[in-house]
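These are the residues of each chain, in order.
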Amino acid sequence: MNEASTTAITTDDRFTSSAGKQLGIYALYALLALSALIYMLAVAAGSTGSTGASGAIDVVNNAITIALREEPPQLDANRATDASSHVVLAHVMEGLLGYDFDNHLVPGVAERWEIREDGATFWLREDSLWSDGVPVTAADFVFSWRRVVNPDTASQYAFILYPIKNAEAINNGQLPAQTLGVTAVSERVLEVEFERPTPYFDKLVAYLTYYPVREDFFNSTNGRYGADTDMMLYNGAYLLTEWVHGSTMRWVKNPNYWNKENKGYLDEIRTAYITQDVNAKLNMFKDGQIADTHLLSPMLPTAMEQRWQIDRSMDGSVFYLEFNHREDRISRNKNFRRALQLAQDSTELVYKVLKEPSYLPGVSLFPAWLTGVSESFQKEYPPPMSKLDVQQAREHLELARRELGIDKFPPLMLLTGDTPISLLAAEYYQQLFQKNLGLEFRIDAQIFKQRLDKMRAGEFDLVLSGWGPDYNDVLTYGDLFSSWNLQNRGRYNSPEMDLWIRVAQSELDPQKRMDAFGEIQRLLHEDVVILPMYERGFSFVVDSRLKNFRRRSVGPEVDYNYAYIDVTN
Amino acid sequence: MLLYTIKRLLQGIITVWFIATATFFAMHNVPGDPLINDRAMTATTRANLEAKYGLDQPVVTQYVIYLRNLVQGDFGISFTQENREVNDIIREHFPVSAILGILAVMFATVGGVLFGALTAIYRNRLPDYVIMFVVILSISVPSFVIAALSQLSLVSLNNVVGRTVLPVAGWGTIQHMLVPAMVLGLGTMAYLTRLMRSSMLEIISSDFVRTAKSKGVPPARIFARHQLRNAIMPVITVLGPAIAAITTGGFVVELVFAIPGLGRYFVQAVQQLDYTVIMGTTVFYGAFLVFMVIVVDVLYGFIDPRVRME
Numbered sequence: 001m002n003e004a005s006t007t008a009i010t011t012d013d014r015f016t017s018s019a020g021k022q023l024g025i026y027a028l029y030a031l032l033a034l035s036a037l038i039y040m041l042a043v044a045a046g047s048t049g050s051t052g053a054s055g056a057i058d059v060v061n062n063a064i065t066i067a068l069r070e071e072p073p074q075l076d077a078n079r080a081t082d083a084s085s086h087v088v089l090a091h092v093m094e095g096l097l098g099y100d101f102d103n104h105l106v107p108g109v110a111e112r113w114e115i116r117e118d119g120a121t122f123w124l125r126e127d128s129l130w131s132d133g134v135p136v137t138a139a140d141f142v143f144s145w146r147r148v149v150n151p152d153t154a155s156q157y158a159f160i161l162y163p164i165k166n167a168e169a170i171n172n173g174q175l176p177a178q179t180l181g182v183t184a185v186s187e188r189v190l191e192v193e194f195e196r197p198t199p200y201f202d203k204l205v206a207y208l209t210y211y212p213v214r215e216d217f218f219n220s221t222n223g224r225y226g227a228d229t230d231m232m233l234y235n236g237a238y239l240l241t242e243w244v245h246g247s248t249m250r251w252v253k254n255p256n257y258w259n260k261e262n263k264g265y266l267d268e269i270r271t272a273y274i275t276q277d278v279n280a281k282l283n284m285f286k287d288g289q290i291a292d293t294h295l296l297s298p299m300l301p302t303a304m305e306q307r308w309q310i311d312r313s314m315d316g317s318v319f320y321l322e323f324n325h326r327e328d329r330i331s332r333n334k335n336f337r338r339a340l341q342l343a344q345d346s347t348e349l350v351y352k353v354l355k356e357p358s359y360l361p362g363v364s365l366f367p368a369w370l371t372g373v374s375e376s377f378q379k380e381y382p383p384p385m386s387k388l389d390v391q392q393a394r395e396h397l398e399l400a401r402r403e404l405g406i407d408k409f410p411p412l413m414l415l416t417g418d419t420p421i422s423l424l425a426a427e428y429y430q431q432l433f434q435k436n437l438g439l440e441f442r443i444d445a446q447i448f449k450q451r452l453d454k455m456r457a458g459e460f461d462l463v464l465s466g467w468g469p470d471y472n473d474v475l476t477y478g479d480l481f482s483s484w485n486l487q488n489r490g491r492y493n494s495p496e497m498d499l500w501i502r503v504a505q506s507e508l509d510p511q512k513r514m515d516a517f518g519e520i521q522r523l524l525h526e527d528v529v530i531l532p533m534y535e536r537g538f539s540f541v542v543d544s545r546l547k548n549f550r551r552r553s554v555g556p557e558v559d560y561n562y563a564y565i566d567v568t569n
Numbered sequence: 570m571l572l573y574t575i576k577r578l579l580q581g582i583i584t585v586w587f588i589a590t591a592t593f594f595a596m597h598n599v600p601g602d603p604l605i606n607d608r609a610m611t612a613t614t615r616a617n618l619e620a621k622y623g624l625d626q627p628v629v630t631q632y633v634i635y636l637r638n639l640v641q642g643d644f645g646i647s648f649t650q651e652n653r654e655v656n657d658i659i660r661e662h663f664p665v666s667a668i669l670g671i672l673a674v675m676f677a678t679v680g681g682v683l684f685g686a687l688t689a690i691y692r693n694r695l696p697d698y699v700i701m702f703v704v705i706l707s708i709s710v711p712s713f714v715i716a717a718l719s720q721l722s723l724v725s726l727n728n729v730v731g732r733t734v735l736p737v738a739g740w741g742t743i744q745h746m747l748v749p750a751m752v753l754g755l756g757t758m759a760y761l762t763r764l765m766r767s768s769m770l771e772i773i774s775s776d777f778v779r780t781a782k783s784k785g786v787p788p789a790r791i792f793a794r795h796q797l798r799n800a801i802m803p804v805i806t807v808l809g810p811a812i813a814a815i816t817t818g819g820f821v822v823e824l825v826f827a828i829p830g831l832g833r834y835f836v837q838a839v840q841q842l843d844y845t846v847i848m849g850t851t852v853f854y855g856a857f858l859v860f861m862v863i864v865v866d867v868l869y870g871f872i873d874p875r876v877r878m879e
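Read top to bottom, the protein sequences are chains Y and G. Heads up, the first sequence is in our numbering, so the first residue is 1 and it goes up one at a time. Heads up, the second sequence is in our numbering, so the first residue is 570 and it goes up one at a time.
Do not take every clue at face value.
Straight line, CA to CA, 25 Å or less: simulated DSS-like cross-link-like pairs of lysine-lysine [as the list claims (entries may be wrong)]: (1) G:Lys784 with Y:Lys454; (2) Y:Lys512 with Y:Lys203; (3) G:Lys621 with Y:Lys21; (4) Y:Lys260 with Y:Lys352; (5) Y:Lys454 with Y:Lys387; (6) Y:Lys260 with Y:Lys512; (7) Y:Lys334 with Y:Lys454; (8) Y:Lys203 with Y:Lys379; (9) G:Lys782 with Y:Lys21.
Note that these hints are calculated values from the structure, not bench results. Predicted model, so just to flag it, every value in this text is computed and none were measured.
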């Protein structure tokens, strides 16, 4: 018995080792086959576009490699709405005016300009050329601007041209595009007529919607303008020479650019990666594959361990709680809104809850980086503040309850986006208003488009909302709560507010104009139209060999136009 | 056999039609508005955009137009990438996903069969324990964790060596594909290992193996002819759906490794309510899945004569 079982085991062992050997042979075959397959796949992959591997900073070729957040949907400046398109276009195109490294407005295609009460004149430079060598003329701007306001183009940024005479009427289909108040007096003189006085028009023309488009080229693209590298003409510091969709782009120094000495120092910028994953970008940066990346607060310890130089910048946008001012809503009651205003404190939100070191606590609709008459707007017009006062808040809530004639407050709807930061903020306010006021808020977290849709339909009491600037003037925020602004999704409506906004839009005297913004700021606080939450900022790191890289509050979020490589230290 | 194939193909077409219809009506009933954007637009602009995408027509008309275009293989223009046709997006990005997918499937199959056979032969001994531990781990840990961890280890590897051994992200060369493909195939490999192990164990103790042994057939021959060949059948059955799942399910891996595959478009389109891209990619993926299942069913007949008999 004993012997028999031993024999069984030995036979089994022999079998096992022999089978194992056979398996080993198969494994070898499999590996060989796999290697052959990998080789074939590599050849195939090469034909689908290649990242290349030149590293973040290529000193020899004076080139850098960067990552883009998203693939630009298309590069037609007249219709672009997203941040990635803006970044690319700001490097390959140039408007009448532009911004220098220090955010000052400087001449672009226009060498000088004049803004009057009824209009403006731009004198175009001789040496501004399209990438095919043809000069940029006033007619290119006329064609482009008519195209923007033409309702057939369906440009979502057409509103930014409304200060030009007849623009709004044309955009609404009431007048033909030819009636737009812009004329090419000669090849190099552009005349603009205003709908109403527009003292900030110089800042508007720096925006990408105002970039020129050449008619004959546009017509040759058969409606595919901006879809590919050969479907565009360039007049900026860089040319787009390669665009593998969803994968890579190559921006090469434009030999025809008129201002080569002061802009576009790098010979080549490669956008080799497209990913929204910030962690992946951090890994690429660590590995020396990309020149810069932004950091979220959980990544800061890693960055500090690596002894990187961490920079901060404001991204320009302001986030706030917006009330629903429609008739049937409880949030229409001013005492109710005042109660909420007195029961919260944005510093606690920013410093204790969100803990993003680059964020600033919100104090006003007008962020800290905006300029007033001569210095910071917030310094010239200190925002009115109310201290956290729970006692007083409860009194206002009681007043509101009596005015509304209800026994107790029903559950209210707090609409928010689905990003981690907005969910965190929403939960904070939910428990804060519960604790301080005994109000029950239900969080309605929605994806971006659905949140916007619900805002438009007014399906909320309170919504976490925000606004980013289009141009470098207080008005980019200032007219948000006018009764006619489609953006005013809470439908706040006050004749006094409308009056001050009209003044701010058209007043030529800078002092009086800023005073009007001061009044708007006061009203926003007194009427409790919104509750400011925070101004968003970014922590970011840049390869130490890359100098003069810019993150901007207005314009492209990242700007390499003035960047250069310096390996001295 | 031919009749069988034709029958399966017809079933496949009906399935694809059903997928197309379900996606169409699901998309049009999802709350939210595909055209809405950060900057509010005027009524005229909106009307023009609606006309461009045919959203101004009644839903039934839209459905008829959609089906008619679908038959001609035209999925329409993307809502977000306004100058690109969905066909272009699929044509440019599916090959990337497919190449990555094929490699991942190869890793998964080779690994799954070899490890499965190995664990069965060495059952309840050290190789079995080690491999099964890894298998359970790879099934339990979600792929975004594995992807992030492996990318992090690549960074450390490159740091230690002092040059780029394997790139941490990107696309275009063998080096770019190896790690993402392994990460992508890992889950399937683990699944196949378990499948192979249990089916192998069943066969090892079966009658015909014992008969072969008693006849004195050489062990290597028993293993190759009688055990492996029989045990591999269930693996092949699940391979079709597995290929489709891997090729279409690479979103996380594509995101982390910045690979320009179709998965990104598929997922982002849902978030952005890009109707045409969602419908295009879903129908395409659906058709691909159906096709792979048919292929495997037909292949099965060639590999296992018993199936053909029935």
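Status of each hint after checking the structure:
{"no.": "1", "hint": "G:Lys784 with Y:Lys454", "in the structure": "77 Å, violated"}
{"no.": "2", "hint": "Y:Lys512 with Y:Lys203", "in the structure": "19 Å, holds"}
{"no.": "3", "hint": "G:Lys621 with Y:Lys21", "in the structure": "66 Å, violated"}
{"no.": "4", "hint": "Y:Lys260 with Y:Lys352", "in the structure": "47 Å, violated"}
{"no.": "5", "hint": "Y:Lys454 with Y:Lys387", "in the structure": "32 Å, violated"}
{"no.": "6", "hint": "Y:Lys260 with Y:Lys512", "in the structure": "40 Å, violated"}
{"no.": "7", "hint": "Y:Lys334 with Y:Lys454", "in the structure": "23 Å, holds"}
{"no.": "8", "hint": "Y:Lys203 with Y:Lys379", "in the structure": "22 Å, holds"}
{"no.": "9", "hint": "G:Lys782 with Y:Lys21", "in the structure": "17 Å, holds"}
Violated hints, in rising order: 1, 3, 4, 5 and 6; the structure is consistent with all others.
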